[in-house]
Amino acid sequence: MDILVTYDVNTETKEGRSRLRKVATVCKNYGQRVQFSVFECRVNEMQYETFQAQLVKIIDKQKDSIRFYRLPSPREKYVQSFGVDDYTDFDQPLIF
Amino acid sequence: MKTILNTLYVQTQGSYLRLDHETLKLEVEKELKFQIPLHHLGGIVAFGNVLLSPFLIHKCAEDGRNLIWLTEYGRYKARLAGSTTGNVLLRRCQHQAVDSPESTLAIARYMVAGKLQNARSIVMRAAREAKDKTDKDILSKTAQIHAESIQNTETASDLDKLRGIEGYAAKAYFGSFTQMIRQNRIAFTFTERTKNPPRDPINALLSFVYTLLTNECISACESIGLDPQMGFLHALRPGKPSLALDLMEELRSPLADRLVLTLINRGQIKPEDFTERPGGAIYLSEDGRKTILAEYQKRKQEEITHPIVGSKIPLGLIPHVQARLLARHLRGDVPSYQPFILRG
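Protein chains in written order, with the numbering used here: chain A, 1103 to 1198; chain B, 39 to 382.
Hints listed in this document are in silico derivations from the structure and should not be mistaken for laboratory results.
Quick reminder that beta carbons are idealized off the backbone N, C-alpha and C, glycines included.
Possibly wrong hints are sitting among the right ones.
[Said to hold, decoys possible] Computed beta-carbon distance windows for the label pairs:
# : chain 1 : residue 1 : chain 2 : residue 2 : range
1 : A       : 1135      : B       : 192       : 17 to 25 Å
2 : A       : 1190      : B       : 56        : 15 to 23 Å
3 : B       : 346       : A       : 1155      : 56 to 64 Å
4 : B       : 313       : A       : 1170      : 31 to 39 Å
5 : B       : 116       : A       : 1158      : 27 to 35 Å
6 : A       : 1163      : B       : 300       : 31 to 39 Å
7 : B       : 89        : A       : 1140      : 47 to 55 Å
8 : A       : 1175      : B       : 51        : 31 to 39 Å
[What the hints assert, rightly or not] One side only, chain A facing chain B, incomplete, derived with CB under 8 Å:
#  : residue
9  : 1133
10 : 1152
11 : 1156
12 : 1157
[Said to hold, decoys possible] Only pairs whose alpha carbons sit at most 27 Å apart, straight line, appear in this in silico DSS-like list of lysine-lysine:
#  : chain 1 : residue 1 : chain 2 : residue 2
13 : A       : 1124      : B       : 169
14 : B       : 336       : A       : 1179
15 : A       : 1159      : B       : 350
16 : B       : 199       : B       : 233
17 : A       : 1130      : B       : 336
18 : B       : 199       : B       : 171
19 : B       : 63        : B       : 328
20 : A       : 1124      : B       : 199
21 : A       : 1130      : B       : 71
22 : A       : 1179      : B       : 233
23 : B       : 169       : B       : 350
24 : A       : 1130      : A       : 1163
25 : B       : 233       : A       : 1124
26 : A       : 1159      : B       : 336
27 : A       : 1130      : B       : 63
28 : B       : 199       : B       : 169
29 : A       : 1130      : B       : 68
30 : A       : 1130      : B       : 97
31 : B       : 328       : B       : 71
32 : A       : 1179      : B       : 199
33 : B       : 336       : A       : 1124
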């Protein structure tokens, strides 16, 4: 399934900036960045659980926020994009 | 049920692949070209001068991700083998079956019958579609030989006779391979199967796709816990993945040969996609390989209804399903091994 993850991490303090980096790293482990604080991830149920748990553990619940949206599939049908779009479909042939 | 994971093919010379947390980074001349979470990848195939970081290799070994090294031109060099896993009891059943001439013959018989059946379908389809009468006749004759050979497998009394039947049909099959080509027959003429090295474009294509398929059959054996070297139809020889080659026999026509024919007949592969090397060896160019890999990956995702399992599965999972069916037979859960037969 495809998941859209968006986050706001308060970066006023040093700790905040560190949390932001950690959040981004975890998101990269599961998907790809489509905008600055927006990731699209294709995961199975089990990976989704771990993913959520990891992120929730990092953030400061008083200051930050994370949102997970489940995208309806097929993705191509429901996601429209305008302007710069670097999305790669990881299920397509990967030949470099 | 296993899902089909993507395979990453890297043929840019001088690429560097490394692990970054749970993702793979592909760099060329220190510039990041691509990043992907590892959970999308079931395997990595590296062509020629591609460097992999030790940590990435360790990670692949831990997760049982396939890692295959080929030369720049696609000849098999090495594969990553993690620690021996799988079911030792299953492997013992397998070895016992190889030791028993009756069990060996029974399994090999089904494998050959499956192979011939699949070869026959592809020939018959080509015969139906052939415009030229001579082509049609030659192909019909080959289909006829296959039909007779399939019947003969039932009565073959030993392994050598069975191999003889298979060889006879294979000769007819490759003898009429040119008749299945509808495009550019001057450049793509097939006279005989040549390998190590291939001596014409069609042989180069076949060898390349067979290499990919062999590796998938080896992985399938290993992931099920079977010993890929302990085969039934193919003789045991050091370093030879006999069981993988056995499993591959019935998959050659539907998964490899048909792909090669499609690529030529649709004009996706052209004579310019080949280069001749000193000594008359014919190799695919980088672009040619790219076209094949893309088409191969797409084909692996095509879904078909498996005649025995009864459910819809992607073509790329068939080696796994067949290895599992073989394991069930070796364990004694089912009376015989059932080969994969693709409907017309």
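Evaluation of the provided hints:
1. Separated by about 60 Å at the C-beta atoms, residue 1135(A) and residue 192(B) break the suggested range of 17 to 25 Å.
2. Judged by the Cβ atoms, the range 15 to 23 Å given for residue 1190(A) and residue 56(B) holds: they are separated by roughly 18 Å.
3. The hinted range of 56 to 64 Å is not satisfied by residue 346(B) and residue 1155(A), whose Cβ atoms lie roughly 40 Å apart.
4. About 50 Å separates the C-beta atoms of residue 313(B) and residue 1170(A), a value inconsistent with the hinted range of 31 to 39 Å.
5. Remark: the range hint 27 to 35 Å for residue 116(B) to residue 1158(A) is contradicted by a beta-carbon distance near 42 Å.
6. A hinted range of 31 to 39 Å is violated for the C-beta pair residue 1163(A) and residue 300(B), which are about 56 Å apart.
7. In this structure the hint that residue 89(B) and residue 1140(A) lie 47 to 55 Å apart at CB is violated, the actual value being about 33 Å.
8. For residue 1175(A) paired with residue 51(B), a C-beta distance near 37 Å keeps the hint of 31 to 39 Å intact.
9. With a least beta-carbon distance of about 6 Å to chain B, the hint placing residue 1133(A) at the interface is held under the 8 Å criterion.
10. About 10 Å separates the beta-carbon of residue 1152(A) from the nearest beta-carbon of chain B, more than 8 Å, and the hint is not met.
11. Below 8 Å, beta-carbon pairs count as interface contacts, and residue 1156(A) has none with chain B, the closest being about 10 Å; its hint is therefore violated.
12. A distance limit of 8 Å between C-beta atoms decides the matter here; for residue 1157(A) the minimum to chain B is near 13 Å, and the interface restraint is violated.
13. Taking the CA atoms of residue 1124(A) and residue 169(B), the gap is near 64 Å; set against the 27 Å cutoff, the hint is violated.
14. A threshold of 27 Å between alpha carbons decides the hint, and for residue 336(B) with residue 1179(A) the separation of about 19 Å falls inside it, so the pair holds.
15. For the hint linking residue 1159(A) to residue 350(B), the alpha-carbon distance of about 39 Å lies beyond 27 Å, and the restraint is violated.
16. For the hint linking residue 199(B) to residue 233(B), the alpha-carbon distance of about 25 Å falls within 27 Å, and the restraint holds.
17. With a C-alpha separation of about 26 Å, the suggested pair residue 1130(A) and residue 336(B) falls inside the 27 Å cut-off, and the hint holds.
18. Among the hinted pairs, residue 199(B) with residue 171(B) is inconsistent with the structure: their alpha-carbon atoms are about 34 Å apart, more than 27 Å.
19. With a CA separation close to 20 Å, the supplied pair residue 63(B) and residue 328(B) stays within the 27 Å bound.
20. The hinted pair formed by residue 1124(A) and residue 199(B) fails the criterion: a straight-line CA distance of about 65 Å is larger than 27 Å.
21. Taking the CA atoms of residue 1130(A) and residue 71(B), the gap is near 15 Å; set against the 27 Å cutoff, the hint holds.
22. As the CA atoms of residue 1179(A) and residue 233(B) are separated by approximately 45 Å, the hinted pair breaks the 27 Å bound.
23. This hinted pair does not check out: residue 169(B) and residue 350(B) have alpha carbons roughly 33 Å apart, beyond 27 Å.
24. Simply put, residue 1130(A) and residue 1163(A) have alpha-carbon atoms about 21 Å apart, close enough for the 27 Å limit, and the pair holds.
25. Straight-line distance between C-alpha atoms of residue 233(B) and residue 1124(A) comes to about 52 Å, which puts the hinted pair past the 27 Å bound.
26. With a C-alpha separation of about 39 Å, the suggested pairing of residue 1159(A) with residue 336(B) is violated against the 27 Å cut-off.
27. Pair hint residue 1130(A) plus residue 63(B) holds up; C-alpha atoms about 11 Å apart against a cutoff of 27 Å.
28. A hinted pair counts as satisfied when its Cα atoms are at most 27 Å apart, and residue 199(B) with residue 169(B) does not qualify at roughly 36 Å.
29. Of the pairs offered as hints, the one joining residue 1130(A) and residue 68(B) holds, with about 20 Å between alpha carbons and a cut-off of 27 Å not exceeded.
30. For the suggested pair residue 1130(A) and residue 97(B), the alpha carbons sit about 17 Å apart, so the restraint of at most 27 Å is met.
31. Distance hint between residue 328(B) and residue 71(B) is fulfilled; the C-alpha atoms sit about 17 Å from each other, no more than 27 Å.
32. With a CA separation close to 55 Å, the supplied pair residue 1179(A) and residue 199(B) exceeds the 27 Å bound.
33. A threshold of 27 Å between alpha carbons decides the hint, and for residue 336(B) with residue 1124(A) the separation of about 35 Å lies outside it, so the pair is violated.
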